[in-house]
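With the hints as a guide, bring both chains together as one complex.
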Amino acid sequence: MTELNMAQALNAALDRALADERVVLLGEDIGQTGGVFRVSDGLLEKHGPDRVIDTPVSEAGIVGAAYGMAVAGLRPIAEMQFMGFSYPAFDQIISHVSRIRNRSRHRFTAPLVIRVPYGAGIGAAEHHSESTEALYAHIPGLKVVVPSTPHDAYGLLLAAVDDPDPVIFLEPIRLYRSARGEVPEEPYTVPIGTAKVEKPGSDVTIIAYGSMMREARAAATELAQSDIDAELLDVRTIIPFDTETVLESVTRTGRAVVVHEAPRTAGFGAEIAAQIYEHAFYSLLAPVERVTGWDTVVPLRRAEQHYVPSVGRVVAAVHRVMET
Amino acid sequence: MSTDRAEAGRHDFALRPSRPPAPVDHANEDLPIPLETRVEMYRLQQELRQFEKRAYDLFMQNLVKGTSHLSLGQEAVAAGVAAAIRPDDYTFATYRGHAHTLARGVGMGPVMAELLGREDGLLGGKGGSMHLTSVEHGMMGSYAIVGAHLCIANGAAWSAQIRGTDQVAVAFFGDGTTNIGAFHEALNFAVVWKLPVIFVCENNLYMEYTPSDFVTAVPHPAADRAPAYGLEAVLVDGNDADAVYEAARKAVELARSGGGPSLIEAMTYRHGGHSRADPGKYRPDGEVDAWLERDPIPMYHQRLLRLGVAEGQLTEIQQEVAQRVDDATEYAKASAPPGDAALMTDVWADGGSAWRN
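Chains as they are written, first to last, in the numbering used here: chain A, 1143 to 1466; chain D, 101 to 457.
Isolated chain D (complex conformation) (with noise of 0.2 Å):
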């Protein structure tokens, strides 16, 4: 690790070696499960995609106000863990969560709009991009301070087991998380509690602008500490759907029967950079490349396909959401900025934000 630190110089993490992604499990294609549920996965992963990309077009278009974090290539994630939980359960996420919102079913409409800064946006326009949150669709919110939302996750999985009913809370957040305290201190809480809980790392390689593992004391961020909290280590991969599926379903299983917590660290890749002032130059030759040629769309197309999905059916989907796509996009744009004094509401429960009640 030393040596490796020297080699590498203060700002040369691309001239590491490079990280590329193991090669498909095909073995995935015999899991037993339903293939509506396989071209729902699909389906989420075209909305997921195609949505990202129009927020990278419209940011290019300097029409996305603040930052933006977006989930190009790690589609799969959300959509297998989003097709193993039930509407009522909870799903808490990152400053990167357009794609754990959308998958939720939150409407693109509200979630381009918000993007925009817009008053019809899924938060007035006031949130952006990084807080995404729908009380409906139990969308707890996306948390933009690395590891927060573990902890608040438990509570909202202990309040889940106060109240007797089996809903589950799922947890996103990146490999960069798991060298905050917060992350450390949710498993303790998660385990000891028995919480119906589940932990998804998406190791996408980097923290921010940094690859995690020139930081982090361990190999793999989260599974290798799993074991230290009594957990068993789940390392999958992240750009298959049906595998993150199945780890997903498994961990769902566990947390509404009692069994508690479950950890899953799913290997993926961010096709871009960390946020859209980010060009991604840190990342060694060939990587984004091999990681390109392991797009987990392409590849679940093909497995679709393999399974004896018409391939007429995939390019209705892809069309039906690329006209979605545009739709939000004009619905976005229609809408107008929120008037300034959206500024002074909701601070307190009276809707305003004077210090009197």
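Okay, chain A solo, but in the shape it has when bound (with noise of 0.2 Å):
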């Protein structure tokens, strides 16, 4: 075991991802300069210059070469520079690196990571610092995934490389330096689809993912100051959602805060609170919160927190579905 933070143990992930001669890099500043967040810093030395690529900024070249990659026969793993800048790419994720399977009648795959810092962190507004995983999530044969601790990120990056279907793998951008933990020194995998429940409670399901697991273990921490045990649930993959851990949680506690950093309005959130409404509704003791961000652009550093979830919110909310 070793303490990482969690752009130490993505760079581990992507090193041993490197040793399948299949895979290879491919992105904006991510072979010389490590990329933005330095996630990928010193493998173009260790693997060379044919599998760590600099690309241009191209972000429709990028994809496009990784996927065509990916249907001859490697296993790429693309570096979006940040969420807002994905979109240039939309096409060839949305209506080709998802539909090849079915369009080809399953003959052709498209085992292809595409990495993608995303949420709020430096301050740098809108794309740099956006949370549009719904967007990603609403598309059919796209698998979407987000760890929330290094031990996570590690296992489910390889995962990621080994699935056999695209996968948009979300890194929040807070958590990158921030969140440390042991992650072992052996190889290992953690199944995509697979939520996690983090810390046991019976008095009401916090569910959360990503950036936003933060401030659900602090908002769990205080509750328990005031008697409250909450049961911490991170999401790790928001597709394939893991219906049945949520459910078998929430049945079990009956009340239910789901949180994200992304706005309210058809995000993911409210699937999550769907599902629990359409197969637990009987076992509710209060209604379905939802502690989000706005329905809004995100801005610029100052008015950061008051975009992002607090934990005072997360804490708000928890006594309000306790109180019903």
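Nothing false has been slipped in among the hints.
Using C-beta positions, here's what the derived DEER-type ranges look like:
#1 A:H1461 with D:S453: 39 to 47 Å
#2 D:S118 with A:S1237: 33 to 41 Å
#3 D:M444 with A:V1339: 29 to 37 Å
#4 D:G281 with A:D1171: 17 to 25 Å
#5 A:Y1229 with D:K153: 41 to 49 Å
#6 D:P187 with A:E1390: 52 to 60 Å
#7 A:G1190 with D:Q402: 54 to 62 Å
#8 A:Y1229 with D:E420: 47 to 55 Å
#9 A:P1191 with D:A127: 43 to 51 Å
So the derived list for chain D, only partly shown, Cβ under 8 Å to chain A, looks like this:
#10 L223
#11 K226
#12 C251
#13 W258
#14 A449
Chain A regions said to be covered by chain D (calculated; three or more residues, Cβ under 8 Å):
#15 1249–1257
#16 1373–1386
Keep in mind the hints are simulated off the structure, nothing from the lab. For every residue, glycine included, the Cβ atom is placed at its ideal position computed from N, Cα and C.
What follows is the structure, given as structure tokens:
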């Protein structure tokens, strides 16, 4: 076991993935510079420029090439520098990457990973800070994965590389360095499609993922001081969503608070709430609460704290469901 | 240009000057192309022509589902390139991709059945005319979003380069594609990494319903852009299979030997409209007739006769192809539509469409 931050854990996973000679990394500034968040630091030196490719600023070109590599036998990992920069590649991702299996009657697969740093954290507003995972979750054929710990970041990334379907791999910018934890020396994977009960509890289930797990954890700790025993559930994989684990928890606690950084309307929290209402309605002791970003544009640093859900908002939401 | 636009008015493209074909370059007859290759290209052109004519007829009988874009008139491009590549090379096509699919050796029956949306179709009746794909034949897909597949062809070529094979990738596209960003992104990537990829622009003069020169900054949409990427401007007669073959052969040789990509602009013309709903009335008087005079197939027929191929051999090819088109039609008509259950398949690797693995 070594203690790593999330960026280091991802770096170790990429290094491990490159042991498979079909794996190729491509993206803007990922080689020489090691990526703007240094996630691929040192990999160019170790694996060479044929495997770790510094591309032009050309997102459609990057994802198109990665997809072409994938249908022609490789296992590419493309990096979009920020979530907002992935939109120029939308056509490739939505119209082609997600559909080739269906379109080719299962004869082609597109086993590629698109890594996307997401969420607020560097204070640069809009494209550098947004959390639009619901756009990708909406598209049949795309898996959407989002770790919140170095351990899961490593294991989920290696699972994504192994996965026969295309994976959008979201990396919470705020957690790259602030999330630290033990990562085993030996390679391992964390199965895609499994949520994790991070802390058992009996009064309410707080359901969160990625960057918001930090606030969710702090809220659970604070609530314990008010004798509220919150169960903390890390979604880890948005698609395929682990409905079973969520329902098992909510059925037991009878209360749910869903937390995400993305705007509220049609955010993935709406889908989670719908799943709970459809399948666990009669176990509910209170309506499901959503704590989310606002239906507005992510602002610059000064106002970021008003945009991103705070620990206080999560705590307040839990109190509301507890009062019902 | 501004005067031209004002005179043209909003929907009077038909009043613009006709753009006739260049005359046949009979010197192409002397290109050192083996006679058997030429006969093969003749056979391919016959296949593509007769297949598309039948597809058109089936349309008119309302048997082809969805929409469809025919390559009638453009056969020499598909045939010329197909004859210059190997079975293990990669082809990417557009929504106008029946010809390129057939030219890779994909059976007429499965393709016809796919147009009819039947379960024995190439894609089980799920994809239709615009998505023809056959892994076994290196037909990597027909891409109906303009320009996307140029970037994707780069990836396939890159894979070949990384794996150390000498396969090449070919991406066919229309003149309209040259104005979309993906075209330029793809060319840049291909040149920087010297990818073994060949971009073939089928310039049929019309970007859907609009004359491409009306909305394009340069007269030759692909060739005039080539030098901006350090590539040679290659402009060929796309209605002459020999000219196409020769350009493709050189490009393939360059790509296989590590010399990088090529961009070929082949001048051609579609005899019909953009798609089945389009009568093509935006075309000036006389333009279609002038291009019908330069139909690639009768010209090639005469050339082969001059080169010593017996009329009887060509007739035999025509008849044999006609029989195969009939057989394919029967095969397609006899196949059932896919069951409703097919809707729920093949979204994920487990073969289904559910969230959970």
